[in-house]
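Q: Make a model of the complete structure from these sequences and hints.
Protein sequences appear in the order of chains A and B. So the number in this note's numbering is just where the residue sits in the first sequence, counting from 1, plus 236. So the number in this note's numbering is just where the residue sits in the second sequence, counting from 1, plus 252.
Relax, there's no trap hidden among the hints.
Computed, partial: chain A to chain B, Cβ under 10 angstroms:
no. : residue
1   : Y242
2   : Y340
3   : L368
4   : L375
Examples of chain A residues lying across from chain B (beta carbon under 10 angstroms, computed):
no. : residue
5   : R239
6   : A324
7   : R339
8   : F341
Simulated DEER-style distance windows between Cβ atoms:
no. : chain 1 : residue 1 : chain 2 : residue 2 : range
9   : B       : D374      : A       : G358      : 39 to 49 angstroms
10  : B       : Q353      : A       : R285      : 34 to 44 angstroms
11  : B       : P406      : A       : D271      : 42 to 52 angstroms
12  : A       : S345      : B       : R514      : 37 to 47 angstroms
Rather than coming from a laboratory, the hints here were simulated on the basis of the structure. Ideal Cβ placement from N, Cα and C applies to all residues, glycine included.
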Amino acid sequence: MRRVAYLLCGDWTHAEDLTQTAFAKLYASWSRLRDPLAAEAFLRTTLTRTYVDASRRAWRREQPTLVLPDRPAPGDEHTEVRLLIVDALRSVPPRQRACLVLRYFLDCSVEETAAALSCSTGTVKSNTSRGLDALRRVLGDDLVSSGREVL
Amino acid sequence: MTTTLRTAFLDALAYEPPFTGDALRAASAGRRIRHRRRLAGAGALGAVLTVAVAATVTLVDRAPSPVSRDEVAVAPFAPVGAPPASQPQTSDAEPVTAEQQRIATAIREASPPGWTFEFGADRWSSLPGRGGDSLESTADDGAGPGRLMVGMSPVPGSQQLRPCRDDEFRSTSQTCVERLLPDGSVLSLRGLVNWEGIETIYVVVTHPDGSGVGIESGNFTLTWPLPRIVAGEEKKNLTHLSRPHPTYTVDQLTEVVLAVDRVVHG
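A: Spelled out as C-alpha cells, the structure:
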C-alpha cells in the first residue's frame, strides 16, 4: 500500500501518511466489511480516494516541503532514469495518475478502477489514455510503452 | 531504452526507505473515526432541521476539531527561534513574467500602503499536474516579515468548493466563514490556527468549476531558498518564528485573494 501511495503522491513521507490514513479508516470500518477478504480492495479504494481528495486541498501548499521527494545524490544512469520517471509521474494530473497506478501497477481492471475512483468506466478509459499521453510527452514515445491495450 | 509502464513503476520504487509509520497511531485514529461516526448518527436522529433560505453569509462556528494533526499528512512545524543571519531581508526584487508582475502589483495594491514583499523570480513556481502557479513570499508591515503563500489553480476541479466543511482545513480554528459570491463562487475565510506558536490564517476563493485562489498569511518565515532535498525530520527546521502574529487580518487577506483572483481568472 505504501508503494502505491508513493506512486500516487511522489513523496515517501506523504505516502506513509496516506497509508496510515487508509489503515485507520479500515480499522474504523472493519466491523462493517461484509467480507474480510475484501479488505485489500477497501484499502485500495480508500487510499486512492484519500489521495485524490487531498490533491484538491490547494491549501496544502502551505507546507511545500512535504512534496519535495527524498532523493539520493545524483548517481548512475539507472538512478537518473528512476528520478526522471518519478518527475514524469508528478506531472500527470491526480486522477489520471491514479488511473495509471491502479491499472498498470496493481493490474486492476477498468471496472475495479472505476469503483475505486467512483467514476464511470468511460472516464477511466479516457483518464488512462490522457495519462499515458502526458507521460509520453515528458518521457518520449521510445521510453515508455503501455505494454497492453489501453482501450 | 524502452520499458513497459509497470517496469517504470518498479524502477521508481527501487529506492524505498524503511517504514517509519506507527500501527498503534493508525489504530488510535481509527477509533476516533468510529467515535465521531457514532456521535453523528445519534445527532441525526434527534436533530431539528433548520433551513436558512437565500443566505449569503454562513457562519460555521465549531469547537476545535478532535482530528489530530498527526492523523493526516501534515508535518508539525517546530519553531527554531530567530531566523539565521543569512536569511535575506525583505525586498521587492522584481518577478519575471508579465502575469507574475500583474499578480505582484495586485498584491501590493490590495495590501495596506508601505508594506514590502518578496517577489523575486525564485519565489514563483509552477505546480506539476495542477496547471497553476504558486508564490512563496513574505509580507512585512514594518514589524517583521511573515509568510505569504499564494496558490493559484486555474484548472477546473483543482480546489474544494467548500473547504470550511473539511476538518483538516479548519484544524483548530474557532471560525471558518463562508460567503457565497454573486457568480456562485465560495469565499472561505479560516480564522487563526495556532500550533506550537506557529500562527496562520487562510482565505480561499473557489469558483463553481473548482478553479480558484488560496492565500495563507503566517507569523513565520521559511528558510530561503528551500533546500531541494529535505529528508524526514529536517523539514521541521525550515520554519522560523518572525513576528507575534500573521501580517494580515482575515479581512485584509480577503482583499488580496479577490485581487489576485481577478488577475488570474479575469
